[in-house]
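If you want the building blocks of each chain, they are given just below.
Number of protein chains: 2
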Amino acid sequence: MSDIKRITPREEDYSQWYLDVVREGDLAEPARVVKGCMVIKPHGYAIWEKTRDALDRMFKDTGHQNAYFPLFIPMSFLKKEAQHVEGFSPELAVVTHGGGEELEEPYVVRPTSETIIGHFFAKWIRSHADLPLLINQWANVVRWELRTRMFLRTTEFLWQEGHTAHATHEEAYAETERMLDIYATFAEQWMAMPVFRTVKTESEKFAGAETSMSIEAMMQDGKALQSGTSHDLGQNFGKAFDVTFQNEKGESEYVWQTSWGVSTRLLGGLIMTHSDDNGLVLPPKLAPVQVVLVPIYRKEKERAAVLEKCTAIHDDLKKTGIAIRLDDRPGKRPGDKFYEWERKGVPVRLELGPRDIEKGHVSAKQRTEGERIFIKMDQIETEVPKLLEAFQEHLYNRALKFREENTLQVDNWDDFSDVFADGKSKFVWAHWDGTAGTETAIKEETKATIRGIPMPGHGPEPEPGKCIKTGAESARRVLFAKAY
Amino acid sequence: MSDIKRITPREEDYSQWYLDVVREGDLAEPARVVKGCMVIKPHGYAIWEKTRDALDRMFKDTGHQNAYFPLFIPMSFLKKEAQHVEGFSPELAVVTHGGGEELEEPYVVRPTSETIIGHFFAKWIRSHADLPLLINQWANVVRWELRTRMFLRTTEFLWQEGHTAHATHEEAYAETERMLDIYATFAEQWMAMPVFRTVKTESEKFAGAETSMSIEAMMQDGKALQSGTSHDLGQNFGKAFDVTFQNEKGESEYVWQTSWGVSTRLLGGLIMTHSDDNGLVLPPKLAPVQVVLVPIYRKEKERAAVLEKCTAIHDDLKKTGIAIRLDDRPGKRPGDKFYEWERKGVPVRLELGPRDIEKGHVSAKQRTEGERIFIKMDQIETEVPKLLEAFQEHLYNRALKFREENTLQVDNWDDFSDVFADGKSKFVWAHWDGTAGTETAIKEETKATIRGIPMPGHGPEPEPGKCIKTGAESARRVLFAKAY
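Those protein sequences? They're chains S and G, same order as listed.
So in my numbering, the last spot in the first sequence is 503, and the numbers never skip.
So in my numbering, the last spot in the second sequence is 503, and the numbers never skip.
In case anyone wonders, no lab produced these hints; they're calculated from the structure.
It cannot be assumed that every hint is accurate.
Note: identical chains are not told apart, hence a pair may lie in one copy or across any two.
As a list, the in silico BS3-like pairs of lysine-lysine whose alpha-carbon atoms are at most 25 Å apart [said to hold, decoys possible]:
(1) Lys-320 to Lys-405
(2) Lys-443 to Lys-405
(3) Lys-328 to Lys-99
(4) Lys-318 to Lys-356
(5) Lys-378 to Lys-485
(6) Lys-485 to Lys-79
(7) Lys-351 to Lys-258
(8) Lys-24 to Lys-466
(9) Lys-488 to Lys-356
(10) Lys-79 to Lys-337
(11) Lys-318 to Lys-328
(12) Lys-351 to Lys-69
(13) Lys-356 to Lys-443
(14) Lys-351 to Lys-268
(15) Lys-488 to Lys-405
(16) Lys-351 to Lys-142
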């Protein structure tokens with residue numbers, strides 16, 4: 020539906036490269052007529068569906084149930100939790116008129132649903148027997164953003180938001196960690212995108228949370244993408260919405276809540292983790308088309324035999340559960356087809372011509388690296404799945420290697436400033452004195468922010484040191500990077 | 020999460036019965052704090068997910084692709100199609116402020132997406148090679164409704180909207196029919212809800228359509244529920260949004276478009292087609308829990324053996340793909356469990372106690388009618404699926420019989436008025452002179468509306484007659500009923 024245009028190389032202009040990959044991959048386009056919004060095109064939406072389905076299974080396997088709450092939230096609800104309203108006020112879209120009349124109380128279009136869900140939790144929860152209550156919602160949300168970029172930050176985006184209520188703080192905290200774990204598992208095993216699990220500093224945490232955790236991934240420009248967050252809300256929303264339960268002793272207590280979410284932003288992370296100067300690269304587990312099969316023939320008389328064999332291969336592989344596309348479009352040259360599917364990120368391309376039939380094999384090529392290989396006809400059903408698995412692993416290892424090569428421990432301010440000079444970024448583990456003042460000062464000088472304090476087992480072990488900026492005592496290194 | 024309350028019998032108060040079934044089935048509740056909106060609770064949402072997944076497969080199997088367009092639509096877009104804006108203006112929710120500032124041009128929250136999608140179709144379509152373009156969107160929409168009822172009519176609802184563009188009117192019309200067929204197939208084969216396929220009269224058609232088709236189902240009070248619509252939009256939106264293509268002769272033409280949708284309203288139809296005075300009744304194909312297995316034991320020493328056997332049955336049936344729930348909640352009596360699952364509409368209940376184990380069988384009961392039967396242990400895996408299939412068929416046949424018993428051909432005005440007197444309704448095939456004036460007069464006097472003109476093969480064959488109201492010539496009978 021669009022002409023093929025050049026993809027700007029990453030070295031030349033990273034931001035433009037990203038936009039080019041999105042456009043040439045036919046993933047999305049800016050809505051323009053609706054400020055900061057995008058249209059998610061079929062290929063992009065198909066990746067989102069795979070993302071949604073995989074996560075949804077993981078949520079259900081851990082006992083969560085989906086539900087749906089109203090898009091609109093009375094303005095007064097937001098004001099019930101002081102930090103929450105302060106955090107979200109600047110970003111609200113407000114409905115003032117409905118059915119031709121001005122509303123008595125304006126509604127906000129949900130930027131997130133803690134408040135309206137808190138209201139219903141208060142009605143649904145009475146005793147400890149009703150807990151834990153484990154709810155998830157797939158929905159669209161709106162946050163009025165000044166600077167937007169497709170998938171990474173848009174005024175409207177699609178996401179899931181988990182909302183749970185528990186009888187004890189301990190249990191809520193465990194849920195917060197469990198859901199972060201699920202996000203990390205999804206990022207690493209499905210997206211092939213390595214992540215650090217971190218706890219956010221006070222100034223970076225969610226408006227209304229006690230503790231916010233996140234998974235942080237490294238993009239190819241060395242910047243961090245906060246890819247999923249999980250919040251221990253304490254009793255903050257319980258108190259704001261009077262969500263109480265009778266504990267086993269018959270006493271009334273406020274519930275302990277969590278919330279957690281990932282969004283279409285993940286697709287931005289997916290794109291920026293794997294794609295190259297030839298366009299989109301998709302890990303097989305999230306690729307709407309995992310294998311494309313291109314018939315090769317020069318003469319019309321070769322056509323029937325090649326297409327017949329291709330159809331047989333297509334049908335066999337489809338039966339094994341592989342998402343395969345036979346690109347038999349007439350009047351399009353193989354080279355043009357290769358080019359198109361390459362830009363759409365298809366992990367494996369198979370080609371079959373008369374000589375391949377003679378030799379009893381099919382030619383296969385992975386989307387990145389790796390030479391062309393030949394697979395014997397009778398081994399296609401075992402070898403192609405192996406190739407996909409290997410490619411999934413390859414992408415993960417390549418991304419991990421890139422992150423390792425671009426993650427440093429830095430112990431003096433000059434080196435630290437250098438890392439972040441001239442628009443550059445890497446991941447830096449450095450000591451910090453734990454104050455918001457120092458955090459702000461570092462951010463103002465370098466644009467690097469604290470992405471988080473590593474969770475046990477993720478990142479360097481705690482060791483005492485001196486703050487990179489002030490020289491004050493520090494108990495452990497934290498993760499610095501510029502961020503999307 | 021809620022106390023069990025009485026379900027008002029249908030005979031006593033049909034409207035209250037419906038609300039009671041929704042509440043006791045734990046399907047949804049009115050949001051109250053957000054005008055006309057509802058919360059879809061987990062059990063209700065799970066039915067919607069099954070609905071969505073089944074329809075989505077049917078759409079994809081017929082070549083449609085999902086995409087996602089912005090929630091907000093510039094007000095000026097609606098005004099580009101004169102009938103469209105006239106139809107939707109009274110129902111709009113309007114966003115006037117974003118990010119703390121008043122917007123230059125207000126946005127409406129989409130009541131449907133023909134306009135914004137038309138805008139993008141104009142960018143995407145250039146030549147006949149880009150056609151047909153077959154897009155579907157799963158989304159929430161908002162229509163400011165004065166009188167709302169859960170699922171049947173809510174201010175915000177969930178739906179899918181298909182939007183397609185074609186090179187010829189003939190092809191667009193065929194698509195309109197094809198999608199109506201898919202809706203009818205889904206209604207009949209999945210929901211076990213018989214429907215009539217009809218063409219809407221001028222006054223009942225979609226704002227901006229050339230032709231609107233619908234499937235009409237009979238509810239248990241004899242009223243009709245318009246359950247799905249499919250519209251031939253002609254070139255109306257093509258002209259409004261300048262969606263042109265180069266045809267094979269190299270000439271520029273406006274595309275021919277269709278749109279079609281079903282919504283969470285379907286769940287209202289599902290509830291009102293099958294449920295009874297004991298609560299919800301679900302057809303197996305859409306039941307989140309198809310089979311519940313309740314262990315029966317009086318003494319603690321019986322418990323282990325019963326639960327062990329139940330677990331084995333549960334695991335075996337689960338492997339066959341049946342959605343089975345083993346209700347082993349301690350401290351809850353079997354009778355209370357029966358009652359709860361009955362209200363949630365579970366199609367088949369299995370019970371197993373020590374005596375059943377001795378006799379080598381399990382006791383089974385369908386949700387409605389039918390006696391208790393006993394299934395031999397070694398036949399469970401074959402017999403339970405058969406029972407579910409039989410129940411699905413039974414529900415369809417029961418609904419069809421009900422519709423047949425409540426559908427009449429009426430040829431004089433007194434009888435016609437009688438059918439619709441005192442809040443009553445049936446389906447009536449009657450002659451109509453084809454004028455909007457007569458249609459309005461009939462509606463004003465009886466509250467019955469023309470549900471549609473039957474499509475070929477659906478409803479009585481065309482035969483000349485005299486209009487029920489004016490006595491003027493009529494070529495065929497049309498379907499009258501009161502409607503939701």
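Structure-based check of all given hints:
1. Taking the shortest Cα distances, Lys-320 and Lys-405 never come within 25 Å of each other, neither inside one copy (34 Å) nor across copies (52 Å).
2. In this homomeric assembly, Lys-443 and Lys-405 never come within 25 Å of each other (Cα to Cα): the closest approach is 38 Å inside a single copy and 65 Å across copies.
3. For the homomeric pair Lys-328 and Lys-99, neither the shortest alpha-carbon distance inside one copy (66 Å) nor that between copies (51 Å) is at most 25 Å.
4. With identical chains, the CA atoms of Lys-318 and Lys-356 are at most 25 Å apart within one copy only, with a shortest distance of 18 Å there and 70 Å across copies.
5. With identical chains, the CA atoms of Lys-378 and Lys-485 are never at most 25 Å apart, being 67 Å at best within one copy and 76 Å at best between copies.
6. Taking the shortest Cα distances, Lys-485 and Lys-79 never come within 25 Å of each other, neither inside one copy (45 Å) nor across copies (59 Å).
7. Neither within a single protomer nor between protomers do Lys-351 and Lys-258 lie at most 25 Å apart by alpha-carbon distance, with minima of 64 Å and 32 Å respectively.
8. In this assembly of identical chains, the alpha carbons of Lys-24 and Lys-466 never lie at most 25 Å apart, being 33 Å within a copy and 59 Å across copies at closest.
9. Taking the shortest alpha-carbon separations for Lys-488 and Lys-356, neither the intra-copy value of 54 Å nor the inter-copy value of 64 Å comes in at or below 25 Å.
10. Only between protomers do Lys-79 and Lys-337 lie at most 25 Å apart by alpha-carbon distance; the minimum there is 16 Å, versus 27 Å within a single protomer.
11. For the homomeric pair Lys-318 and Lys-328, the shortest alpha-carbon distance inside one copy (16 Å) is at most 25 Å, but the shortest distance between copies (66 Å) is not.
12. Taking the shortest alpha-carbon separations for Lys-351 and Lys-69, neither the intra-copy value of 29 Å nor the inter-copy value of 39 Å comes in at or below 25 Å.
13. For the homomeric pair Lys-356 and Lys-443, neither the shortest alpha-carbon distance inside one copy (36 Å) nor that between copies (62 Å) is at most 25 Å.
14. In the homo-oligomer, the alpha carbons of Lys-351 and Lys-268 lie at most 25 Å apart only across protomers (20 Å), although the nearest pairing inside one protomer, at 74 Å, exceeds that limit.
15. For the homomeric pair Lys-488 and Lys-405, neither the shortest alpha-carbon distance inside one copy (50 Å) nor that between copies (72 Å) is at most 25 Å.
16. When the C-alpha separation of Lys-351 and Lys-142 is checked against a cutoff of 25 Å, the pair qualifies only between copies, where the shortest distance is 23 Å, while the shortest distance within a copy is 61 Å.
The structure shown violates the earlier hints numbered 1, 2, 3, 5, 6, 7, 8, 9, 12, 13, 15.
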